[in-house]
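**Q** Start from chain F and add chains S, Z and Y according to the hints.
Residue numbers (the numbering used here), protein chains in the order written: chain F, 1 to 267; chain S, 1 to 267; chain Z, 1 to 256; chain Y, 1 to 256.
Some hints could be false.
To be verified - According to the in silico footprint, chain F covers these stretches of chain S (three or more CB under 8 Å from chain F):
1. 119-131
2. 239-245
What the hints assert, rightly or not - Listed next, the in silico EDC-like pairs over lysine to aspartate or glutamate satisfying Cα-Cα at most 16 Å (straight line):
3. S:Lys136 - S:Asp169
4. Y:Lys147 - Y:Asp165
5. Z:Lys57 - F:Glu203
6. F:Lys133 - Y:Glu69
7. S:Lys133 - Z:Glu198
8. F:Lys133 - Y:Glu156
The set of hints was computed from the structure by calculation and includes no laboratory data. For every residue, glycine included, the Cβ atom is placed at its ideal position computed from N, Cα and C.
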Amino acid sequence: MAELVSLAEGVAELVHDGDAVALEGFTHLIPVAAGQEIIRQGRRDLTLIRMTPDIVYDQLIGAGCAARLVFSWGGNPGVGSLHRFRDAVENAWPRPIEIEEHSHAGMANRYVAGASGLPFAVLRGYVGTDIAKHTKTVATVTCPFTGEALTAVAALNPDVAVIHAQRADRRGNVQMWGITGVQKEAVLAASRSLVTVEEIVDELEPQPGAVVLPGWVVTAVAEVPRGAHPSYAQGYYDRDNDYYQSWDPISRDRETFGRWLEEVTAA
Amino acid sequence: MAELVSLAEGVAELVHDGDAVALEGFTHLIPVAAGQEIIRQGRRDLTLIRMTPDIVYDQLIGAGCAARLVFSWGGNPGVGSLHRFRDAVENAWPRPIEIEEHSHAGMANRYVAGASGLPFAVLRGYVGTDIAKHTKTVATVTCPFTGEALTAVAALNPDVAVIHAQRADRRGNVQMWGITGVQKEAVLAASRSLVTVEEIVDELEPQPGAVVLPGWVVTAVAEVPRGAHPSYAQGYYDRDNDYYQSWDPISRDRETFGRWLEEVTAA
Amino acid sequence: MTWTADEMMTVTAARSLAGRTSCFVGIGLPSTAANLARRTCSPELALIYESGAIGAKPTTLPLSIGDGELGETADAVVSVPEIFNYWLQPGRVDVGFLGAAQVDRRGNINTTVIGDYRSPAVRLPGAGGAPEIAASCRETIVVVRHKPRTLVDRLEFITSLGFGDGPGHRAALGLRGRGPIRLITDLGVLEPDPATCELTLVSIHPGVAVDAVRAATGWPLTVRADLRTTEEPTAAELTALRSLTTRSSTRGGGVA
Amino acid sequence: MTWTADEMMTVTAARSLAGRTSCFVGIGLPSTAANLARRTCSPELALIYESGAIGAKPTTLPLSIGDGELGETADAVVSVPEIFNYWLQPGRVDVGFLGAAQVDRRGNINTTVIGDYRSPAVRLPGAGGAPEIAASCRETIVVVRHKPRTLVDRLEFITSLGFGDGPGHRAALGLRGRGPIRLITDLGVLEPDPATCELTLVSIHPGVAVDAVRAATGWPLTVRADLRTTEEPTAAELTALRSLTTRSSTRGGGVA
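Excised from the complex, chain F in its bound form (with noise of 0.2 Å):
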């Protein structure tokens, strides 16, 4: 059964400097509070992995958190670039981050592999492009039927997932429903997993399209309500374009983004 935890004793207990990271959400029920979170406590040198970094990866990059980022494509949707992501790859502001950059497609594999307690997960992928080149979690596999030759990735364990869902009930059985892209995926292929919900219940009620995630592969939840602003949480708050317009001028300016953070970490 999953441990109910506050979102900083979360943080505090299952995110440590050095770690391998995944932040999953795709658009929707994205664990921005989480993410915050961990700036406020400081952590360091963490691989951050995701498929769609976009605003909280940009102020945990920012921040300083991060050594490497292992994605597949990295932009504030709806808006345009990530100005720390751009800062940091392109002038190795604050600090030089290595990346690791796949497809959606491998990285999804990658998780599917790593959920499934397998090394490498294969995919029709990468060929003819420039992507291959510069990672070495892709290479090739061949069919011992058809003898085809086929795209292999490399799996994805991280340390810690980190995700948001709607609801989980006392014993840690989590909820979501709506576009929940990968999330059940990085939970399964992770070694611990902190999920951050809007509410916790008594009684989970089914709902259409729900995915559950029992209390048992659960480490713990943390009750945080809006813990998924500005993306959205289906059921709860729609997505808050304002905030990622808004986004873009704080991020492009070290100084402006500066001032962000001391708000963010005073709170």
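**A** Below, chains S, Z and Y without anything else, positioned relative to chain F:
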């Protein structure tokens, strides 16, 4: 968009002599009416594919429709043996049947590979057992990253998949819920598909745990109320356990079975 | 309260699930014991069925691994590929609970054929989920009725691997689970000898003679020096078991 | 009715989806065109987003590929691994609709970096779903604004393969999809020359001069002898497009 047809039309159009046919259903939603229509239309030399061949496969085999069986567990759940299946394997009656045998994990992954457009799937399976000695569709593959040896199974791509679902709408969008087994994979792996449903409705109301197959990946839909009897259709009717019991004596004896067959084909 | 040998077996099997978090429930006798465990020693035990039901809490004994009540009472229902790939294969399940047509002295299981594979004397149902349950669960427990033709010296066909040829065999094959740590029958409890991996009698059920167990075993049975007598079923255990089985039989049929 | 160059581009792109069953919608400009197509020439078109939404029917323009309305209006929402493995990879989707930071004369796409990969002049968002959309959809259509720095002679980094080095390259790599059959810009429409796979101008938008297109293209542009002029947007098309974009802008933000 899937074509709406009668069961007789659907079987006549989509299931041909010599086809590889997967009638899938994992205890729940077994397409029994469709299987008996295949018997009625006198199909021959079929390769029957299914993880859990039960009564309806016993009937198809006893009726002489099958030249091959690809499977992972063959029995009368809650009762015992499939006597027509055993008579075919042990005594080549009414005709010899070739078998290709796997584990559930292997069969499930063969469907996954088929649905994914891959020639094979990777799993941890079959190791140390005698199963692989008797099939050509299990092999070894080496992880290009770790050098670990893993098991590969060949993709399954049936000519036609036949499944039963609770509902479809008039565009042929199919909705099923409860235990949905490997039916989605079977339909997506097959060249053609026939889906029998309890009812055709104007609108598919969302249901907890529902799997929806869009009409553009389904070939034909036939409304066949109680089409899964004696298995069950959650929300419609329960499993007819007495029928499973009563099948045992019918199936044990060639003559009794012969009389049952006459009744079905006369119907 | 008096009890039958089958009841003794099922109660003993249920007790072996005390303190476990999750159990992958194979088809057959194990399902009865696993459901009894949830009503006695292990109320929080997550029952996992190969049909995709995770955390099933049936009120009556399932007649098959895909009964409607399994899905309706489960914490989650997933696809069959997912249950094997995401849940069983990585080794996150504590115990695999298996039945068998035949089990040999090293806990290897046959559920495929008796006799030659291509022209068998008896064609059995086949593997189902057992080979990977036996390979991937952290530990497995096997439940069978104790007969010479069931507990055999060697198997003609290995469907699911126990300890293979003996010590080190599983590790050499890269299997992650520990293998069959216990064989529970209607006569007693057998456990592997640490040195040889051979199943030896560690506990005998009340009122059963050691010679009777020897006679019912297809190999020269080693009896542990510290042979115990299995604790009698409690009234609570028997009541729970009987209410389970009556309720189920009123639904017709019995467990495969 | 008058229109802007962007509107001409989007309307032309939408028209190219007439008669299609399914479209895998990449992030960016394509999303506007695909949603317009559902409101004009292709009401039954199944829009598939990499977030897992299949058959999405948003009433307002999505601001991202994972907007709530995509899931709420979809025929089915599946996991991200499933959308790539079961739906995109087997080649069951008719058209892949892609944007690009740069596209070369053979339809290869760069969305990764400008300059050296390890110390780039400009770091772009990266691949996302595009490499496999470009590889696996039966056909792909690319939509970009026509600028010399966008339509370039050669790419420093190929993120998604078009026709590679030219005829036969895709087949040699075992790719199943036909590749980029059309490049639609705010100036005209380019299609691959069957012999060379080089993108050539087949249609020019009303009021645009061929020299202007040449000047905005990073390679010596071949103009087809049978150059057509693109049909003007109809009032219905423009009304549908404007209602889409207004409704969306009232929600703040624009499409990435």
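**Q** Return the numbers of the hints above that this structure violates; sort them in rising order.
**A** 2, 3, 4, 6, 7
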